[in-house]
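A.B. asks: Those sequence lines, one after another, are chains A and B. Following this note's numbering, the residues of the first sequence are numbered contiguously, the last one being 301. Following this note's numbering, the residues of the second sequence are numbered contiguously, the last one being 260.
Bear in mind the hints are in silico, worked out from the structure with no lab data behind them. Every residue gets a Cβ at the ideal spot worked out from N, C-alpha and C, and that includes glycine. Some hints could be false.
Claimed, not checked - Derived list of chain B stretches under chain A, where covered just means 3 residues or more per stretch with a C-beta under 8 Å from a C-beta of chain A:
1) 16–29
2) 32–40
3) 51–63
4) 100–107
5) 125–133
6) 138–148
7) 196–204
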Amino acid sequence: MTEEKLVSLNPKDLVSAFLRSFFLQAAWNFERYLSYGVAFAMMPVLKKVYPSPEERAQALSRHLEYFNTHPYMASFVLGAIIRMEEEKQQLPPAQRKQKEEEIGALKVGMMGPVAAMGDNLFWATIRPYCGLLAVTLVLSNVFQVEGQYWIIPLLFLIVYNVAHVGIRLTGFIQGYQKSDQVVLTLRKYGFQNAIQGLKFASVILLGVLIVFVNLSVLEKEMGLFVLKLAFFTAIVGLFTFALHRKISPSQMFYAVILFALMLAFWPDLSVPPPQVNPIVSSQPAAAAGNPVEMKPIKGNL
Amino acid sequence: MSHWVFISALLAFLSLDTTAVGQFMVSRPIVVGPLVGWLLGHPNIGLEMGALIEMIWIGDLPVGAHLPLDLTMLSGVSVALACELAGNPFPRDAVTTYALAVTIPLAVLSTEVTILVNKFNVRWVHLAQRMALGGRFRTFDGINWLVVAELFVKGFLVAAACLTLAHFTSGLLNLSATVLNGRVMEGLYYAHWLLLALGCSAIIDLLVEKKNLFYLILSIAAIMSLAIFGQMKGVYLVCVALCVGFSAVLLFAGKEETND
Chain A
1 MTEEKLVSLN PKDLVSAFLR SFFLQAAWNF ERYLSYGVAF AMMPVLKKVY PSPEERAQAL
61 SRHLEYFNTH PYMASFVLGA IIRMEEEKQQ LPPAQRKQKE EEIGALKVGM MGPVAAMGDN
121 LFWATIRPYC GLLAVTLVLS NVFQVEGQYW IIPLLFLIVY NVAHVGIRLT GFIQGYQKSD
181 QVVLTLRKYG FQNAIQGLKF ASVILLGVLI VFVNLSVLEK EMGLFVLKLA FFTAIVGLFT
241 FALHRKISPS QMFYAVILFA LMLAFWPDLS VPPPQVNPIV SSQPAAAAGN PVEMKPIKGN
301 L
Chain B
1 MSHWVFISAL LAFLSLDTTA VGQFMVSRPI VVGPLVGWLL GHPNIGLEMG ALIEMIWIGD
61 LPVGAHLPLD LTMLSGVSVA LACELAGNPF PRDAVTTYAL AVTIPLAVLS TEVTILVNKF
121 NVRWVHLAQR MALGGRFRTF DGINWLVVAE LFVKGFLVAA ACLTLAHFTS GLLNLSATVL
181 NGRVMEGLYY AHWLLLALGC SAIIDLLVEK KNLFYLILSI AAIMSLAIFG QMKGVYLVCV
241 ALCVGFSAVL LFAGKEETND
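Looking at chain A on its own, in the form it has when it is part of the complex (with noise of 0.2 Å):
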């Protein structure tokens, strides 16, 4: 048996390895990408659990190699693997090198499933789903009373992060305390219901932008509307198409604006837009089905 004292990491250590793992990409580099993220986050927790100076060097080293997954995701594995150094540390020497092992193999089993079940919720769902909310209600006009810009950037921060550190959070907890069976933890969290059911909302409120780029017209004429709805419908089904052929959005903007600029030198086909004043705001007032408004805004540079 072994005579080295046996410690337990205490609340303290944990909490500062999450708040570190909050840098997990801090030197994020094309050869080891978050290894250096990862290595960082344990560093409290190795400098109790390894005491001995060259045994913490050789750990860090492990924990240096290729690492790359989704940052946030990764909560569930550095919690796991936390929780095996832990255990590591309590087994008698012969065995450690098993456990060694078995990190190791836990970060490479679970790096791919995870990054790809974060880039599906996080990158492709919720980001997306609080942006399109925000961009809703830019354009339906709702907190654009003067004075009242702050609160669209906020909600969508707010309904962010709760989602954020909510998951960072609970995957840290969880991959500590079911070390090597967190795998089995995440399927019970039911993330693939969760991007169902968001991709879902964030149709009907994608129903809801369509309608309000469109409003400006309505007040005026019912058939113009209806019109320029088709017309725009048309429009985006195309430029739909265009996207899913891998046309990027950068090369789609400067096609957009070769075309308008294409029909506005046409001889017939051009209608000269209304004399704006520079300081009147004019898209959402529009856009929300009201008057354009001549609304003074603050001073220029």
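Position chain B against the provided structure of chain A, taking the given hints into account.
C.D. replies: Chain B alone, transformed into the frame defined by chain A:
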């Protein structure tokens, strides 16, 4: 001059959030746009441009080793340019479209600089490994703060360069408006509406699957009916959509997991 330095420092600080620190999304256009606009006295321009950029580049995701376009620089610099041009006698939509068109190449440049820095970061990891094996744990820890400082300096220099370059293009708008007899302004003005369509397309491309297409059409028809026949205000329409969406999330969350 001092406000450009301040905006550069702010953009550098916010761009740390993109990958290095936290990723709380304070670097997203919908946050950066209004913030820069508010600092320069035009929060509404910032908010609208932020929303437009958020829409168009919503599908540019940081998956794997792919680095998306630097939207923090794009939104910050384009809003600063649009605020500078706000005093000119041109339609605001034309000015914002022009500012975006000028700033996209600068954002591409910023992304390229980020790629270079990420390549350089390998050296930090090698240094960290040497420090760890040498038992110099304080230095190992310090490398994290050095990298963060390096990224801040990179962000500051890039933002300052982009703002300067964007500033020099402001005269181009006046020139094109004068020489080309206002036609450019017309084009840019109408491009703005098409860009909103492009934004909607980007959202559809990312979020709408084939099986949900029917619900999108149903949603447009229902919202249109509520707006036209129900004379419902925008705020209530958003509330209705949010309630339906929230119910859908609850409904889906209650289902048994069938896939994976």
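A.B. asks: Compare the structure with each hint and give your call.
C.D. replies: To see whether the hints hold, each was checked on the structure:
no.	hint	result
1	16–29	holds (count 9)
2	32–40	holds (count 5)
3	51–63	holds (count 11)
4	100–107	holds (count 3)
5	125–133	holds (count 5)
6	138–148	holds (count 6)
7	196–204	holds (count 9)
The structure fails none of the hints (numbered hints given earlier).
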